[in-house]
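Student: These protein sequence lines are chains W and A, in that order. Per this note's numbering, the very first residue in the first sequence carries number 1; after that it's consecutive. Per this note's numbering, the very first residue in the second sequence carries number 1001; after that it's consecutive.
These are calculated hints, taken from the structure and not from any lab test. Glycine is no exception: its CB is placed at the ideal position from the N, C-alpha and C atoms. A hint or two may mislead.
[Stated by the list, open to error] Short, incomplete list of chain W residues facing chain A, as computed with Cβ under 8 Å:
(1) LYS148
(2) TYR270
(3) VAL272
[What the hints assert, rightly or not] These stretches of chain W come out as covered by chain A in the derived footprint (C-beta under 8 Å, 3 or more residues):
(4) 110 to 120
(5) 231 to 245
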Amino acid sequence: MRGAAALLALLAAPLAFGDDPPPTPEELVKIRAANAECLSCHSEAGLKKPPKEGMDLKKLRSHLVHLDTFTASDHGQMACTKCHGDGYAEHPHAADAKDEIAECQDCHARKAMRIERQFDKSVHAENLSDTFTCKTCHNAHTMALASKLRDPHKIVAQDNKICLDCHDSDLAFAKMAPDNKKRPPIDEIHDWLPNTRLHWKAVRCVECHTPTEDKLSLSHEIQNKDKAEKKCATCHSANSSLNARLYRHLQAEEQNKYGFLNSVMLSSAYVVGATRNPTLDKALIALFIATVLGVIGHGIVRIITTRLRRSKNHD
Amino acid sequence: MTKRVFMLPLWIRLWHWSNALAIIVLSITGISLHFSDPGLPLVEFSLAARIHNIAGVCLAVLYAGFVIGNIVSGNWWQYVPKSPGVIQRCLRQMQFYGSGIFKGEAEPFPPTPEVNFNALQAVTYWSIMYLVMPVVILSGLVFLYPQFAPATLFGLDGLLPVALVHYLGAAVILLFMVSHIYLGTMGPKVSSLFKMMFTGWYEH
């Protein structure tokens, strides 16, 4: 188990920075200084008090980056110009600068290959293969890996927002969807799921809408209702699949706290059927069996003694 | 010749059997949820969850009816063990269940319209109905509306203590139910007390 975790860490480490090593502290100081220049315009402060005159503020408004969110994100230690190429080095930016923005796979080549195979089978590829890219879901300025966020509530909030931004908004859905496709009402199609909205606060859409085959990360094969998980007991049982999903990054911390199975989940959610205490369960089952046997035993003794008395009375 | 005495008004009998039905449904679905296993489902999880929720609300409503009915009719007084000598009478009752009944002794404190319950019954029924049931119902309602549960407690989800209390309380009620059904055979005839629970008349 530990060996597998180490292998996973080894494999995940280079992926965390694309295929490049992380910057040294000196490099990071330079990166932060260069990024500060970009953010002198591309931030709320820059928008309020533009450092230059004659800027297109309307356009700028839709290109703002929040420094703290960016710093906490997976790309937070990278220079803006790493993706936004030379055309953005000066202001005004070069006319064709936009065409030079790096693609995800430029850095994440191996990951992209793995993900592409999964994505090709997804419902998104099926319906929107031309328009659907990594960026449709993954905002490079804000996204953080689940292993980095750690807190299941934060992971759920980040990941479900991505799905719900389109699937819970007619406007956003219509922008992406084929012309004749109407957005299925998200609550209605999930009304078989008890405590629907509560589930969405506690687990991710992808918990049910992806297959479990990928060992490195969650699969990008987003599945529609025909293939998605519908059996409650897949998560709600002692051998809960949430261990391999939402809680995979916390598995090392699982200590069967207070004797509970899946106690790693208990830190953020009580999952009926999964977070149970086998000792308590056994004690109560034993008590139940003892009561039933006691009652049966008492009944048998009653029947025997009654018969004995009757036959005695006959004599 | 058998004597007949009217013991239980209709509302108590109706409450008793609806309550019994609700508890049986809640036990079966509750066990299905707590011991959920994809390999051997008793009742499928989402179905069990829905039935458990509905039956739980029914039980809460029935409980409210029980409390109000008891206050209005004065029946609550039946559940109060009357001193002096409660402990002695409980011990006497236990002695009857433990040995007397095997020797063919008569029930030491048979029910009368004035005093329905023997001391042991009164103590047990009072504890179940006024201690355990409210705890199980209230914790169940928190389960139904988890936003009222504390967010966290000792670094664990705040629903944990609610769930534990609900589970333990339900187990006590289930154990009570098993004994209660069996003790129902302890009347003058095996069927006497069951008959009384349906007709309201005690035959002895």
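Student: Each hint: holds or not?
Tutor: We went through each hint and held it up to the structure:
1. LYS148: With a closest approach of 21 Å, the LYS148(W) hint is violated.
2. TYR270: holds, 4 Å
3. VAL272: Holds, because the Cβ-Cβ distance from VAL272(W) to chain A comes to roughly 5 Å (cut-off 8 Å).
4. 110 to 120: violated (count 0)
5. 231 to 245: As far as the stretch 231 to 245 of chain W goes, the hint holds, because 7 residues have Cβ atoms under 8 Å from chain A.
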